[in-house]
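Enquirer: Place chain B on chain A using the hints.
Protein chains: 2
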Amino acid sequence: MTIELGHIRIVGAGLIGTSIALALAKAGVRVSIVDSDERARDLAQDLLGNPSPEPQVEDLLIVATPPAAIADVVSKEISRNPALRVMDISSIKSQPVLDVATTGLANASFAPTHPMAGREVSGPASARADLFIGRPWIFSRDGVDNELAAMVSEVIRICGGVEIERSVGDHDRAVAAVSHLPQLSASLLAKSLLSATDEDLELAGAGLRDSTRIAESDPDLWAEIISGNAAEIRPLLISLQNDLSQLIQSLDNPSAIAELLELGRQGRARIPGKHGGSARNYTYIPIVIDDKPGQLAAIFEECAKAAVNIEDLSIEHSPGQETGLITLALSPIDAVRIADHLGRAGWKVHPSR
Amino acid sequence: MTIELGHIRIVGAGLIGTSIALALAKAGVRVSIVDSDERARDLAQDLLGNPSPEPQVEDLLIVATPPAAIADVVSKEISRNPALRVMDISSIKSQPVLDVATTGLANASFAPTHPMAGREVSGPASARADLFIGRPWIFSRDGVDNELAAMVSEVIRICGGVEIERSVGDHDRAVAAVSHLPQLSASLLAKSLLSATDEDLELAGAGLRDSTRIAESDPDLWAEIISGNAAEIRPLLISLQNDLSQLIQSLDNPSAIAELLELGRQGRARIPGKHGGSARNYTYIPIVIDDKPGQLAAIFEECAKAAVNIEDLSIEHSPGQETGLITLALSPIDAVRIADHLGRAGWKVHPSR
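Those protein sequences? They're chains A and B, same order as listed.
To convert, take the position in the first sequence, counting from 1, and add 1433; that gives this note's numbering.
To convert, take the position in the second sequence, counting from 1, and add 1433; that gives this note's numbering.
With a cut-off of at most 30 Å between alpha-carbon atoms, the simulated DSBU-like pairs for lysine-lysine come out as follows:
#, chain 1, residue 1, chain 2, residue 2
1, A, Lys1738, A, Lys1781
2, B, Lys1738, A, Lys1781
3, B, Lys1738, B, Lys1781
4, A, Lys1509, A, Lys1459
5, B, Lys1509, B, Lys1459
6, A, Lys1738, B, Lys1781
7, B, Lys1738, A, Lys1738
8, B, Lys1781, A, Lys1459
9, B, Lys1459, A, Lys1781
Just so you know, the hints here were simulated from the structure itself, not pulled from any lab data.
The model shown is predicted, which means the values in this text are computed figures rather than measured ones.
With the rest of the complex left out, here is chain A (with noise of 0.2 Å):
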């Protein structure tokens, strides 16, 4: 059944509307994009070359603001046009259904999703047509009309994303476990050192760079989404207040942490691993090379000589001089071959033994 999507009008050009924008685009979809920043609009309007002029009436509209926006814009759009369809896209669901059921729009007339795509960088320019290959779209489909449901697939469908349906609650639940937690105690770590010296931080490695990543995400897109989810938030902030809490006062006590250590760690693993299945095991072969043009490549052209996969990789870079740790992640038998294929070629490789 091919989906006749009509025109699609977007507003809010930062990071999803425009990368939305541009996948209907490529795909011939009719599309128009504005958004109350000029500048913003002006970038994502050039972005998409040639973009559709604004409809009189669009058969679907995509509010892509931060989700304290989303009422607003559907009060002005609806009195424009009655019969409006919506999606929105933000990272939040409870908290607009609640908002735009005080605008008139019929429940059945919205359609909450999430296209799970975020990164560190926002705003236009850092937009693109495949941002959300493959990544999980939620969509809270319980309620909306068919023909609007069917609409929504399709644009999901058209971007790349992969459809998972949860309701409003489940969502807003999971998200707050799996991101809107790790985002406030990375942003809290990486609070800690602004009290740090420089001496201190030249002492930095992987670790603490890794723990802390996503602080850098921003700072008043991300104020929106945890307030507006705070209800399922608090909880487990609370709840992360007693372990923080009980850990200071047995500080002294290894067994005590050791216990809060391996319960981490259980937590740790029990994260899936990718292509959405569960944890993987990886045989990491760390190989020292020359910090230099080139070297990766023969690694690589040597992997794909073996026709091994490598899997996952990470770059280690030696403070203070021009030597670099690679270490590839691969499948067990990948793994073999590989490290034997790489040895007899003559690089310095270290399988686990």
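Expert: What follows is chain B alone, placed relative to chain A:
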């Protein structure tokens, strides 16, 4: 000046002790390694290939046990060799110095050091002769006898470490901030995942994975490290607790949350980049690839042809389908060159615009 290291005896066949043994043996130094755990000892000795027989009296004893065991080891060894000279490698420094003072070993004969090359893995099976190459290796040289200090510097040099002098107190304060607090924060966050449902965890992304990676560390070893540095860690945890309480109070106040997130962003920006320098300004180039052998090889071949140096990279796999997103980090100049080069070669390159 060449230092004659003579015979080095290592007590503790874990990741660090075995890695030092491998590096020294590779450089032709006479080295023996023992452990109270016979399996660890046997494995370490096998890895060494042909370890030197244990000497009557060693020239340098490297204690590579968990911190709580150091004083016991020194007490035992000093009765065998009253002229004992000791180097330790534990992740905390004040507590071992205090502990060793009770053994009768002179301060001048105890060299506190800390190679900062820990990993989430442990044990002799993960040991590598190149573990320390280019890594900071702290040496609290003050008060250590000159001959011992020279031997320690030589061991660090042979292992490829970068010797950095810090007082015992400065060391412990620094690692509390850049290593111990991040470890505890990651473990607390990871522990919270035990309360999430499998369905919730399906929505986990790279942010959660990166933020909890170090929660995989060895609980028993880290419990000793944490409790042994409790005095430095406690004020940091209390400060974190205050920030967390304030966050919970202001969870409905977007501007207060934005302020916290902004401070986190500023703290994050203070972490220095690779080569021990200040944080570098990289340009990121996202490329969509098929998740199969040869794709990375081909990209890196192109980078080598264009003579650009990849500073860092990440691979993101798409849940549920077989495409991947690789993001290269390069200098701004290299980024322009390679984006152009790869684009012309037909790759799906998406530079920021």
